[in-house]
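Novice: Following the working numbering, the numbering of the sequence shown begins with 1 at its first residue and continues without gaps.
These are calculated hints, taken from the structure and not from any lab test. Think of the CB as a built atom: it goes at the ideal place given N, C-alpha and C, for glycine as much as any other residue. Don't take every hint at face value.
[As the list claims (entries may be wrong)] The calculated lysine-lysine pairs, modelled on DSS-like cross-linking and capped at a C-alpha distance of 30 Å, are:
| hint | residue 1 | residue 2 |
| --- | --- | --- |
| 1 | K22 | K92 |
| 2 | K4 | K92 |
| 3 | K68 | K119 |
| 4 | K92 | K133 |
| 5 | K133 | K119 |
| 6 | K67 | K23 |
| 7 | K92 | K119 |
| 8 | K22 | K112 |
| 9 | K23 | K68 |
| 10 | K92 | K115 |
| 11 | K4 | K67 |
| 12 | K23 | K119 |
| 13 | K13 | K67 |
| 14 | K115 | K133 |
| 15 | K68 | K22 |
| 16 | K133 | K22 |
| 17 | K23 | K92 |
| 18 | K112 | K92 |
| 19 | K68 | K92 |
| 20 | K4 | K68 |
[Said to hold, decoys possible] What follows is a list of derived Cβ distance ranges for each label pair:
| hint | residue 1 | residue 2 | range |
| --- | --- | --- | --- |
| 21 | R81 | F145 | 17 to 23 Å |
| 22 | M102 | F145 | 28 to 34 Å |
| 23 | M1 | M102 | 24 to 30 Å |
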Amino acid sequence: MDVKALCLGVLAKGPATGYEIKKLIQDGPYQHFIEASFGSIYPSLSRLAAEGLIEARTEPLEGRPDKKIYSLTPQGREAFRSILSRDPPEDKFRSGFLFQMMFADALGPEEKTAKIEGKLAEYRARHARMVEKRTSQPLSEGELFCLGFGESLVTAAIAYLDSHARRSAAPAPSPAPARRVRAGTAR
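Please model the entire structure based on the sequences and the hints provided.
Specialist: Shown next as structure tokens:
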């Protein structure tokens, strides 16, 4: 998926300005799909318009620059359906926290535990926001599916982090006694 496809998806829900599209992609329900900035959204909108997949109408504003409102054309709606019918690429997950845990042997036990507990608190807060969103507003079938999928991932992460927080807080077992090897007897 690319920024053009995401712009088509946002506009499939209804007309929007470039700023509204940016806010929905960066802070709204579409933030989990790809990273996109003004520097990628506006060129994508220009290309989509040049391809005849979207159109823009200008709404004059008093004392401010005119507002450009984008909407899908019938060709854009068909192109979006075509995008949805393709097999999606493999999901990728990147995490600075997992990077730190990969090399946690270099941290002291208290620091490692603090990082795990901090991430656990972050995931619990995220889960609470998801529950609030699910119960406070009407959501489409697709939004409910994505929210439920996200809740499942967050719940699993909470369980995993919680078990590791308890384990890392427990006293470390005594190391096994070292075996002595005599010269000439090692195999």
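Novice: If a hint holds in the structure, say so; if it doesn't, say that too.
Specialist: Here is what the structure says about each hint:
For the suggested pair K22 and K92, the alpha carbons sit about 22 Å apart, so the restraint of at most 30 Å is met. At roughly 19 Å between alpha-carbon atoms, K4 and K92 fall within 30 Å of each other, so this suggested pair holds. Between the alpha carbons of K68 and K119 the distance comes to roughly 41 Å, so the proposed pair goes past 30 Å and is violated. With a CA separation close to 25 Å, the supplied pair K92 and K133 stays within the 30 Å bound.
Only pairs whose Cα atoms come within 30 Å are accepted, and K133 paired with K119 is accepted, the gap being roughly 21 Å. Annotation: proposed proximity of K67 to K23 holds, straight-line Cα distance about 16 Å (limit 30 Å). At roughly 20 Å between alpha-carbon atoms, K92 and K119 fall within 30 Å of each other, so this suggested pair holds. A C-alpha spacing of about 36 Å is found between K22 and K112, which places the hinted pair above 30 Å, so the restraint is violated.
A C-alpha spacing of about 15 Å is found between K23 and K68, which places the hinted pair at or below 30 Å, so the restraint holds. Taking the CA atoms of K92 and K115, the gap is near 23 Å; set against the 30 Å cutoff, the hint holds. Of the supplied pair hints, the one linking K4 and K67 holds, its CA atoms being roughly 20 Å apart against a limit of 30 Å. Restraint check: the Cα-Cα separation between K23 and K119 comes to about 26 Å, which is no more than 30 Å; the hinted pair holds.
For the proposed pair K13 and K67, the alpha carbon gap of about 19 Å is at most 30 Å, so the pair holds. For the given pair, K115 sits about 27 Å from K133 by alpha-carbon distance, which is consistent with the 30 Å threshold. Straight-line distance between C-alpha atoms of K68 and K22 comes to about 14 Å, which keeps the hinted pair within the 30 Å bound. Taking the CA atoms of K133 and K22, the gap is about 20 Å. The hint holds against a cut of 30 Å.
Between K23 and K92 the CA atoms are separated by roughly 23 Å; this keeps the pair inside 30 Å, and the hint holds. At most 30 Å may separate the alpha-carbon atoms for a hinted pair to count; K112 and K92 meet this at roughly 25 Å. For the hint pairing K68 with K92, the CA-to-CA distance comes to about 34 Å; that exceeds 30 Å, so the pair is violated. The straight-line distance between the Cα atoms of K4 and K68 is roughly 17 Å, inside the 30 Å bound, and the hint therefore holds.
Evaluation of the 17 to 23 Å hint for R81 and F145 yields a pass: the beta carbon distance comes to about 18 Å. Restraint check, M102 to F145: a C-beta distance of roughly 32 Å satisfies the suggested window 28 to 34 Å. The beta-carbon spacing between M1 and M102, approximately 28 Å, falls within the hinted interval of 24 to 30 Å.
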